[in-house]
Each structure stands twice: as structure tokens, then as C-alpha cells.
Amino acid sequence: MTAAHYEAQDDLLIENHGSVRVLTLNRPADRNPASTALLFKLTETARSLAADDSVRAVIITGAGKAFSAGGDFAHFVATARDPQVANDTIANGRDFIAAMLDIPVPVIAAVNGAAVGFGATLLALSDIVIMSENAFIIEPHVNVGLVIGDGISVTWPFLTSLHKAKELAFTGDRLPAVEAVACGLANKVVPLQDLMSEALSMAERISRQPRSALAGSKQLFNQYSKAVMDTVLRAQMELQFAQTQGPEHGQIVQSMIDAQKRNASA
Numbered sequence: 048m049t050a051a052h053y054e055a056q057d058d059l060l061i062e063n064h065g066s067v068r069v070l071t072l073n074r075p076a077d078r079n080p081a082s083t084a085l086l087f088k089l090t091e092t093a094r095s096l097a098a099d100d101s102v103r104a105v106i107i108t109g110a111g112k113a114f115s116a117g118g119d120f121a122h123f124v125a126t127a128r129d130p131q132v133a134n135d136t137i138a139n140g141r142d143f144i145a146a147m148l149d150i151p152v153p154v155i156a157a158v159n160g161a162a163v164g165f166g167a168t169l170l171a172l173s174d175i176v177i178m179s180e181n182a183f184i185i186e187p188h189v190n191v192g193l194v195i196g197d198g199i200s201v202t203w204p205f206l207t208s209l210h211k212a213k214e215l216a217f218t219g220d221r222l223p224a225v226e227a228v229a230c231g232l233a234n235k236v237v238p239l240q241d242l243m244s245e246a247l248s249m250a251e252r253i254s255r256q257p258r259s260a261l262a263g264s265k266q267l268f269n270q271y272s273k274a275v276m277d278t279v280l281r282a283q284m285e286l287q288f289a290q291t292q293g294p295e296h297g298q299i300v301q302s303m304i305d306a307q308k309r310n311a312s313a
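In my numbering, the protein residues as written are 48 to 313.
Please note that the accuracy of each hint is not assured.
Straight-line Cα separation of at most 20 Å, SDA-like style, residue types lysine to any residue; simulated pairs [claimed, not checked]:
1) Lys273 - Ala146
2) Lys88 - Ala98
3) Lys213 - Pro187
4) Lys308 - Gly297
5) Lys235 - Phe217
6) Lys273 - Gly219
7) Lys235 - Arg221
8) Lys112 - Ala146
9) Lys88 - Ala146
10) Lys265 - Ala133
11) Lys273 - Asp77
12) Lys265 - Arg281
13) Lys265 - Ala282
14) Lys112 - Leu239
15) Lys211 - Leu239
16) Lys265 - Arg252
Treat the hints as calculated values from the structure; they're not laboratory data.
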């Protein structure tokens, strides 16, 4: 299957600020979770940005109070119950990582709140991460019976210490913005009201640099992550598919479904 098999949603806004593109995850009432459709849409968007010579920098942010709370509930259930959806999503994950790494201009994450699961992956695949004071990162895959996220697996060992990456992945603990900077998973922390102006200022400053030099430098930096895509990422994909169809994850998903039903009937 491809993205065409999934219903498109109006959950991604793209704005032009001169040569800067601002991508906004736009489901604020639900804390900007990633639907199956959005995951495919982001891959297409990354490829489109890479092919657009007029783009000099990209900003990713979230609408409302969160950056992204991870995968949405419907997607979570579908990957556990439908092996085809799980396969499609995992394969698209590889495509998305490759597409993000191939964007020739810097990508800046403006993190306005919670960056959980897929939100943490978006940060990991960005080139510069600016977090608001209230923002935090959580990598919760192990908590729900899954192995670490795809983008996390190919970036965190280069961004922070392996010991810190393991601690965060194994516990699912919240990493506040200041600590994210201290351990190398973010660049700076600013007040929430200054977040977008800081990100736009950084993007505009970068956009004045020679584009070919930026592209070449980013290509060199990203060789570290690309070098492990045929080893670490391939193993991650195989393990993740097995986990999505496995009993531990299935039991957790069922307990969440049961809890949602109880809440709905209360």
C-alpha cells in the first residue's frame, strides 16, 4: 500500500516565509498526534521540500500547547491489529528518515510543548532543536511493548551518550528542555512567547548562507545516520514489526481500548 490508500487529513499546515517553509502539525485539540495519513504526508512533504530549490530553511512546530504527542489512538490500534498497516507504517518510517536526511537545507524544530514518541523522532531528525521552557521529550515505545522508534535508533547514539539514550528509552522518563540541551538532544531553551521569533531568526540567518555549502555540509553530517540505515534501521524494522504483532504490545493495546470504553460509558 501507499499513502493513497489512507485518507488524507488537514493536519499539516505549510506556510511560506520568503525562502523559509514553516510546517505546523495541526491537531491542537488532540496534542498533534500522528495519524497514519500524516505519517505518509510528511514523507511526501519532505521529498517535495528537497526538490524545491527556492527553499533555504525549514521550521517544524506544533499548533496549540504540544509539539506532538506521538501516534494517534486509531493508528496505534491499527498497527497492532492489522499486519498490513504495521508493515506499511514501518516501511514508510524508513522512507521518512531517508527523506528528512535528504532535505538539503537545515530543518529547525521549534518545540512548543510535549514531544512524545513520533514527536521525539521529529526532533531527532531535525538539524537544530529550539525548545520552549515548558517543552519536554519522552521516548515511550518500550512502555507500550515496542522497541525504540526508528528515527531514535539511527540518531540518538550520535546526539547523546549511549548510556543516556538507553536510560531514556528503557524508562520512558520525561526529559525537560533544559536537560535536553545539557545532554545534546536540543540546542537552546527560550521562553514560549519567543519560540517562533527565535526559530524564524535562526532560519533567516541560515538562509543567507551559500546554499551549496549548506547542502554539502548537511550531507556530510548526515552520513553518520545514513551509514547505519542498512544495519541498525533494518534490524529496528524487523524487531518493531514482531513487537506490533506480539502478545505484550497486544495486551497493552487491549487494556487501552478497554479503558477508553469505560471512560466513554462513565
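So, going through the hints one by one against the coordinates:
no.	hint	result
1	Lys273 - Ala146	holds, 11 Å
2	Lys88 - Ala98	holds, 15 Å
3	Lys213 - Pro187	holds, 12 Å
4	Lys308 - Gly297	holds, 17 Å
5	Lys235 - Phe217	violated, 25 Å
6	Lys273 - Gly219	violated, 26 Å
7	Lys235 - Arg221	holds, 17 Å
8	Lys112 - Ala146	violated, 27 Å
9	Lys88 - Ala146	holds, 12 Å
10	Lys265 - Ala133	violated, 31 Å
11	Lys273 - Asp77	violated, 33 Å
12	Lys265 - Arg281	violated, 23 Å
13	Lys265 - Ala282	violated, 25 Å
14	Lys112 - Leu239	holds, 10 Å
15	Lys211 - Leu239	violated, 26 Å
16	Lys265 - Arg252	holds, 16 Å
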